[in-house]
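**Student:** Numbering-wise, our numbering comes out as the position in the sequence shown, counting from 1, plus 492.
Don't read these hints as lab results, they were simulated from the structure.
Don't take every hint at face value.
[Said to hold, decoys possible] Simulated restraints on C-beta separations:
{"no.": "1", "residue 1": "T528", "residue 2": "R575", "range": "17 to 25 Å"}
{"no.": "2", "residue 1": "R505", "residue 2": "R576", "range": "18 to 26 Å"}
{"no.": "3", "residue 1": "W569", "residue 2": "W531", "range": "28 to 36 Å"}
{"no.": "4", "residue 1": "L577", "residue 2": "G540", "range": "19 to 27 Å"}
{"no.": "5", "residue 1": "R527", "residue 2": "A556", "range": "17 to 25 Å"}
{"no.": "6", "residue 1": "W501", "residue 2": "F553", "range": "20 to 28 Å"}
{"no.": "7", "residue 1": "A506", "residue 2": "K542", "range": "24 to 32 Å"}
{"no.": "8", "residue 1": "T538", "residue 2": "A560", "range": "18 to 26 Å"}
Note that beta-carbon positions come from the ideal geometry of N, C-alpha and C, so glycine has one too.
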Amino acid sequence: MGLRGDLLWGWRRALLLGVGLPTLYLWLADLYAIRTGIWWIAPEYTLGPKALGLPLEEMVFFLATNLAVVQGLLLAWHPEALRRLR
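Work out the full structure, taking the sequences as your base and the hints as a guide.
**Tutor:** Shown next, in the form of structure tokens:
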């Protein structure tokens, strides 16, 4: 049967909180660091579009990495996932 989205859908609240809160924190921390000069992102190495003052690819990076980590952890902890993989 394999792993499917139904396992994650059952834990959608944990998924949303587990991805949403750290992603928002990382966006805000990154924005703060850029605005205060702690670090910078060279404009010639970005695609151009920005949201909330951050390059879009920077925001997508934080979202995608958090999604991968949280989904992996939730599936590793889900009792049904191990049964399906056997």
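**Student:** Now, for every hint given, state plainly whether the structure supports it.
**Tutor:** Here's how the hints hold up against the structure:
For the hinted restraint 17 to 25 Å between T528 and R575, the CB-CB distance of approximately 49 Å leaves it violated. Checking the proposed 18 to 26 Å range against R505 and R576 shows it holds: the Cβ atoms sit about 22 Å from each other. Evaluation of the 28 to 36 Å hint for W569 and W531 yields a pass: the beta carbon distance comes to about 34 Å. For the pair L577 and G540, the supplied restraint of 19 to 27 Å is violated, since their beta-carbon distance comes to about 42 Å.
Range check, R527 to A556: about 23 Å between beta-carbon atoms, so the 17 to 25 Å window is met. The beta-carbon spacing between W501 and F553, approximately 25 Å, falls within the hinted interval of 20 to 28 Å. Checked against the hint of 24 to 32 Å, the pair A506 and K542 passes, with Cβ atoms roughly 30 Å apart. As the Cβ distance of T538 to A560 is approximately 22 Å, the hint placing it in 18 to 26 Å holds.
Taken one by one, the earlier hints fail for this structure at numbers 1 and 4, listed in ascending order.
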